[in-house]
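Participant: So the chains spell out like this:
Protein chains: 2
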Amino acid sequence: MSTSISIFDTTLRDGTQGEGISLSADDKLKIAKKLDELGVHYIEGGIPGSNGKDIEFFKRVQTLGLNAKITAFGSTRRKGSSAHEDANLQRMVESGAQAATLVGKSWDFHVHTALQTTLEENLAMISDSIAYLKQQHMELIFDAEHFFDGYKNNPEYAVSVLRAAHAAGADWLTLCDTNGGTLPHEVYEIVSRLTAELDGASLGIHTHNDCELAVANTLSAIQAGARQVQGTMNGYGERCGNANLCSIIPNLQLKMDYACITSEQIGQLTNTARYISEIANVHMPVNQPYVGNAAFAHKGGIHVSAILRDSRTYEHIEPEQVGNKQRILVSELAGQSNILSKAKEMNLELNPENEETRQIIGKIKDLEHQGYQFEGADASLELLLREANGEFKELFVFESFKMLVEKNAGSAVVSEAFVKVRIGGESIYTAAEGNGPVNALDNALRKALVEYYPSLREMHLSDYKVRVLDEADATASKVRVLIESQNLQTTWSTVGVSANVIEASWEALVDSIRYALLGQQLPDQSDHQESTAQGIVNH
Amino acid sequence: MSTSISIFDTTLRDGTQGEGISLSADDKLKIAKKLDELGVHYIEGGIPGSNGKDIEFFKRVQTLGLNAKITAFGSTRRKGSSAHEDANLQRMVESGAQAATLVGKSWDFHVHTALQTTLEENLAMISDSIAYLKQQHMELIFDAEHFFDGYKNNPEYAVSVLRAAHAAGADWLTLCDTNGGTLPHEVYEIVSRLTAELDGASLGIHTHNDCELAVANTLSAIQAGARQVQGTMNGYGERCGNANLCSIIPNLQLKMDYACITSEQIGQLTNTARYISEIANVHMPVNQPYVGNAAFAHKGGIHVSAILRDSRTYEHIEPEQVGNKQRILVSELAGQSNILSKAKEMNLELNPENEETRQIIGKIKDLEHQGYQFEGADASLELLLREANGEFKELFVFESFKMLVEKNAGSAVVSEAFVKVRIGGESIYTAAEGNGPVNALDNALRKALVEYYPSLREMHLSDYKVRVLDEADATASKVRVLIESQNLQTTWSTVGVSANVIEASWEALVDSIRYALLGQQLPDQSDHQESTAQGIVNH
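In the order they appear, the protein sequences are chains D and F. Residues 1 to 539 in the working numbering are what the first sequence spells out, letter by letter. Residues 1001 to 1539 in the working numbering are what the second sequence spells out, letter by letter.
Just so you know, the hints here were simulated from the structure itself, not pulled from any lab data. Every residue gets a Cβ at the ideal spot worked out from N, C-alpha and C, and that includes glycine. Warning: the hint list may mix true and false statements.
[What the hints assert, rightly or not] Calculated from the model, a selection of chain F residues having no Cβ within reach of chain D, i.e. all distances over 10 Å:
#1 Lys1033
#2 Val1093
#3 Lys1344
#4 Leu1488
[To be verified] Residues on chain F that point at chain D, a partial pick, calculated with CB under 8 Å:
#5 Gly1180
#6 Ala1224
#7 Cys1240
#8 Ala1259
#9 Thr1262
#10 Gln1265
#11 Leu1404
#12 Pro1454
#13 Arg1457
#14 Val1466
#15 Ile1502
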């Protein structure tokens, strides 16, 4: 039978110390529900003694009926005072949390420098505080702050801190690498010694990513005998972040045969990680291990032909185990196998033997050479493939655009666009202003089309990226524009390339709308004559 | 004495397999120069057999006179053919690179599934290819693809692959964890065994970050006896990326007493990492270990007061060792001291006590809040500080610009700009075309000024970058434009921010020219009247 590891999530407490992360009480409740579904065993909600937001969280979380133990965080009592009079400890008790995480100093240097007290008083602060919280029937996790730095400088004192906490009734002794500077082999050695010396104590591990080793340090501690992991979702946390539970859980469970959560729950990992990044409003790096959008994406040509024969050739696990999926990227480095598998994804039958297929592959490679990049522009690629396959019908024809940006000293800049397109027999000419040149073009083009294709009202541009391609030539060099659009159901991306940023944007804009109209029909002319005329007059 | 570790950078080859990373030949040359200054020992430039861009890189990099060994990547010869007739091997030789990285299969499963050949033929492919490249006097790094998976499945065969490569003359045997699925303790055990079994062979390590363990796996291999590290800057690479040299180098050198590069070079690490992220146009995560903007940022109140007493309380190394710096997020102190130290760099005396200094610091902070970034725009910052100091003289006054982009179906796009400025008592109105809108504006503005300030003929724009700031709002969101300009002596950078890409570009353009004119005087009106009139007629 596998050894069980207890998962202690501190996204809502230590995670919020990360730069740019700020969660309302509502956000915290949503995340707590999601973490509970994932199956973590402890949810550290915040610091009841610090602010009103956390007090509200602790009150409301009790109504959710979660399985996870809700945990409140706080420090040992102040020096020279008593535990039952300490306002912070009181608020931990009043929070209604089932468990308390009590942080105390274990590095003598910190006792002197940060607390400015004696080593003995620090031990008393720890013992008193734990005894008090245990009297109040809370489960107690003792966080030994800076444990590894403390142990390296003064092992006797660091261990005496753990012994004091254990004697006072702490249920877990968590060894914290607070500054993130410890290496995996050091963690392994130190935790192994403690496992032997502190027989009967349950050890936990809390690491930070300052050396890009937080996950490895956690695994080392578990291999050396620790049985609880503190970490955050997506590795949120101060400086370089905390240990990332999204990597630790699958490493422990899928690769090292420890038991953390159920297989069904681990299948929710990707979804949970992305949900939390949405709530926290933090962009998730595409290359994030296990749960990132590129974690199982394949770009190189040789790789792709092997992957299509057998996924194990270039994948260390099945992406579905963590709820992620395989993606085949198309790029200049890739051969025709990428393009063919992309076509297959789109249910397009392309025969690699026939002349048209060779032509379209040649065309795509040529476009990539000119600076187009289809790995971020699936919709533009799909349009090209459907055109090549003869199954694309043009629903509007471009005639001209003009774009004017004007600024006079002391006045705001003005952007206007004038667009002429033909739909069936009609020529439509529209004008619009905008917040910037691309917005003006978008407004004018949409104004021309929306009377004929009302579904366009539901779509909007959701992302806009510009990349200068050959920087040697500065303002005369090429730019690539990527536009992401969305409607109520889905999201798609298109690309445009030109020496002229306005023309490149226009190209991506037009592709976005062509894609949105896939599957629609040219309007019946007579039906629309009146509304067109109206459109021109109204706008 | 410390053991030396050889650093093999593959940012330009394996790094470009990362999603969203695409480098031109020019970009690659700039990065190669910077990597060489950092002191890496090998720079793998690309795959000469794959595309024209890489062939161009290998040709041009020879003229740079770098210290690092330039390395070309390629696969073993095709099955059933001979090495000297293999086009890819030929192109590796013709590239002019000093060293070759030859990748071969070491996992029997891959020999059958991906190569579809016999185990014996695979060994012959490896031996023949190495022998051929060694005859051509190249240093040879043999990349044993999927070595760890191979070793776990069929250790005898995996080791026989290494023996064959060694016997054929390979200088380095690099063990690749291609799928990124191996754990640090497995790496340690396997590499330890190989170090013992393959006495006399030099081992290298190449890991991927699929389990968030690439850095730890690399350290494990070094501790077990490997002496070369393959990795990429910022961990760029396919899926979850390659091993991140920006974390590995300081871990090995500052914490484990191995010798990689000099202390001065490691002091350039942050700067190099950020430069490469700019060239690759990939956003660097703020929480990136060692080199990220938040790597030494402190937010928590208790932390900050302790940090102010002694940095070691919450910092695992001195940030300056890797060229980074401490930031106190809650404190105004950090911002102000940065600006004051910048002013000092420019020989500007700003007194932190006086009201004007407080005003300019407030203004800069406000601009940063709006999206300006002066880290990459020294010249714009200098203009602000000189203005605040009352030592800036405006040599031309903006009155208006108009910018028109026009395209008709079937014709090329046309960009025109109309600029009105005042110089002394004269109002100058010019018109110009350009390759794109910014080029047209640049041409028109220059046309207006160059008759008065002929030194402007010597300057030109050398780089142009656009970044979308708030992607939530798509085309109505803000953009930041960075322009780099140069003349015969120097290079300077300026910034503009607006919801309108044209206005942001104009702002950066105007700053660039204002900076170029620093120290010049308004022309004597009478002298210039004639040439102005001529100027207007001529252009």
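Participant: Now tell me, hint by hint, if it's right for this structure.
Facilitator: Going down the list of hints, with the structure as the test:
no.	hint	result
1	Lys1033	14 Å, holds
2	Val1093	21 Å, holds
3	Lys1344	27 Å, holds
4	Leu1488	16 Å, holds
5	Gly1180	6 Å, holds
6	Ala1224	11 Å, violated
7	Cys1240	5 Å, holds
8	Ala1259	17 Å, violated
9	Thr1262	21 Å, violated
10	Gln1265	19 Å, violated
11	Leu1404	5 Å, holds
12	Pro1454	21 Å, violated
13	Arg1457	16 Å, violated
14	Val1466	4 Å, holds
15	Ile1502	4 Å, holds
The earlier numbered hints that this structure contradicts are 6, 8, 9, 10, 12, 13.
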